[in-house]
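Line order of the protein sequences matches chains W and F.
The first sequence runs contiguously to residue 109 in the working numbering.
The second sequence runs contiguously to residue 112 in the working numbering.
Derived from the structure by calculation, the hints contain no laboratory data.
A quick note: this is a predicted structure, and the numbers were derived from the prediction, not measured.
Hints are not guaranteed to be accurate.
To be verified - Okay, derived cross-link-like pairs now, SDA-like style, lysine to any residue, Cα gap no bigger than 20 Å in a straight line:
| no. | chain 1 | residue 1 | chain 2 | residue 2 |
| --- | --- | --- | --- | --- |
| 1 | F | K71 | F | L11 |
| 2 | W | K96 | F | K53 |
| 3 | F | K53 | F | L41 |
| 4 | F | K55 | W | R36 |
| 5 | W | K26 | F | G98 |
| 6 | F | K3 | W | S93 |
| 7 | W | K26 | F | G58 |
| 8 | F | K3 | W | R36 |
| 9 | F | K13 | F | T83 |
| 10 | W | K96 | F | T83 |
| 11 | F | K55 | F | S67 |
| 12 | W | K96 | F | Y64 |
| 13 | W | K96 | F | M54 |
| 14 | F | K70 | F | L41 |
| 15 | F | K70 | F | Y50 |
| 16 | W | K96 | F | K13 |
| 17 | F | K13 | F | W99 |
| 18 | W | K56 | F | G40 |
| 19 | W | K96 | F | E79 |
| 20 | F | K55 | F | I77 |
| 21 | W | K96 | F | R9 |
| 22 | W | K96 | F | N95 |
| 23 | F | K55 | F | L41 |
| 24 | F | K57 | W | S94 |
| 25 | F | K3 | W | G40 |
| 26 | W | K26 | W | A78 |
| 27 | W | K96 | F | N84 |
| 28 | F | K3 | W | N22 |
| 29 | W | K26 | F | E22 |
| 30 | F | K3 | W | Q9 |
| 31 | F | K57 | W | S93 |
| 32 | F | K55 | W | Y95 |
| 33 | F | K55 | W | S94 |
| 34 | W | K70 | W | Q9 |
| 35 | F | K53 | W | R36 |
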Amino acid sequence: SQQGEEDPQALSIQEGENATMNCSYKTSINNLQWYRQNSGRGLVHLILIRSNEREKHSGRLRVTLDTSKKSSSLLITASRAADTASYFCATDSSYKLIFGSGTRLLVRP
Amino acid sequence: DVKVTQSSRYLVKRTGEKVFLECVQDMDHENMFWYRQDPGLGLRLIYFSYDVKMKEKGDIPEGYSVSREKKERFSLILESASTNQTSMYLCATENGEGWPQHFGDGTRLSIL
Chain W
1 SQQGEEDPQA LSIQEGENAT MNCSYKTSIN NLQWYRQNSG RGLVHLILIR SNEREKHSGR
61 LRVTLDTSKK SSSLLITASR AADTASYFCA TDSSYKLIFG SGTRLLVRP
Chain F
1 DVKVTQSSRY LVKRTGEKVF LECVQDMDHE NMFWYRQDPG LGLRLIYFSY DVKMKEKGDI
61 PEGYSVSREK KERFSLILES ASTNQTSMYL CATENGEGWP QHFGDGTRLS IL
């Protein structure tokens, strides 16, 4: 069963715009992570937010976590064509991560 | 940087063959994982290992086995390959629970 579910499934924006992706999960967590996957490649870790944190920044990335709503969002500001990728949230559950099915982001030049 | 190397990027095998997928890491991480990734299904955990010679079943272990004889190497074995095992296989390592996972570039396996 999938713990994290991303929304939307696909997103197309113009370069320079902001991209927001959402993740909902079902059970309590210790932390939530976001990963990026370029086509045909492995996943790359972007950011980890712990359950006692509400917001975290890393460069052009901003992640929020609302444990009362069991949801998280990933904001990419001033998007670039190179941000085109799939983005996954992952939640921890008994020594393993559970990944959602991802959001496919297309940034048009 | 952590380097996770999967032995093949692309592999084509025949139904019934025994298939070995190898994963090697260079960062002395305790935990290693094998996932498969299929369109619309996200990543699904097949097996993981938290120590040499230790293994735990993930969510979809049927038809697979694993071997971890050395800390840096984690092998996934398809005992008798079937067409429904055609998929992208991803290996990952982790320096303990709650830490980020580091992925290899994946092996795209086709079973004919």
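Hints versus structure:
1. F:K71 - F:L11: violated, 25 Å
2. W:K96 - F:K53: Given that 20 Å is the threshold and the Cα spacing comes to 18 Å, the pair holds.
3. F:K53 - F:L41: violated, 29 Å
4. F:K55 - W:R36: violated, 27 Å
5. W:K26 - F:G98: Given that 20 Å is the threshold and the Cα spacing comes to 18 Å, the pair holds.
6. F:K3 - W:S93: violated, 25 Å
7. W:K26 - F:G58: Holds - the C-alpha atoms of G58 of chain F and K26 of chain W are around 19 Å apart, at most 20 Å.
8. F:K3 - W:R36: holds, 17 Å
9. F:K13 - F:T83: holds, 10 Å
10. W:K96 - F:T83: violated, 27 Å
11. F:K55 - F:S67: holds, 8 Å
12. W:K96 - F:Y64: holds, 18 Å
13. W:K96 - F:M54: holds, 15 Å
14. F:K70 - F:L41: Roughly 31 Å separates the two Cα atoms, so the pair is violated.
15. F:K70 - F:Y50: Holds - the C-alpha atoms of Y50 of chain F and K70 of chain F are around 12 Å apart, at most 20 Å.
16. W:K96 - F:K13: Cα-Cα ~30 Å, so violated.
17. F:K13 - F:W99: The given pair, whose Cα atoms are some 35 Å apart, is violated under the 20 Å limit.
18. W:K56 - F:G40: violated, 28 Å
19. W:K96 - F:E79: violated, 24 Å
20. F:K55 - F:I77: With Cα atoms ~13 Å apart, K55 of chain F and I77 of chain F stay inside 20 Å; holds.
21. W:K96 - F:R9: Not satisfied, since the Cα-Cα distance of roughly 25 Å exceeds 20 Å.
22. W:K96 - F:N95: holds, 12 Å
23. F:K55 - F:L41: violated, 24 Å
24. F:K57 - W:S94: holds, 12 Å
25. F:K3 - W:G40: holds, 17 Å
26. W:K26 - W:A78: violated, 31 Å
27. W:K96 - F:N84: violated, 24 Å
28. F:K3 - W:N22: Cα-Cα ~29 Å, so violated.
29. W:K26 - F:E22: Roughly 34 Å separates the two Cα atoms, so the pair is violated.
30. F:K3 - W:Q9: The hint is violated at about 30 Å.
31. F:K57 - W:S93: Holds, at roughly 14 Å.
32. F:K55 - W:Y95: Holds. K55 of chain F to Y95 of chain W sits at ~12 Å (cutoff 20 Å).
33. F:K55 - W:S94: holds, 14 Å
34. W:K70 - W:Q9: Distance of about 18 Å is within 20 Å: holds.
35. F:K53 - W:R36: The hint is violated at about 31 Å.
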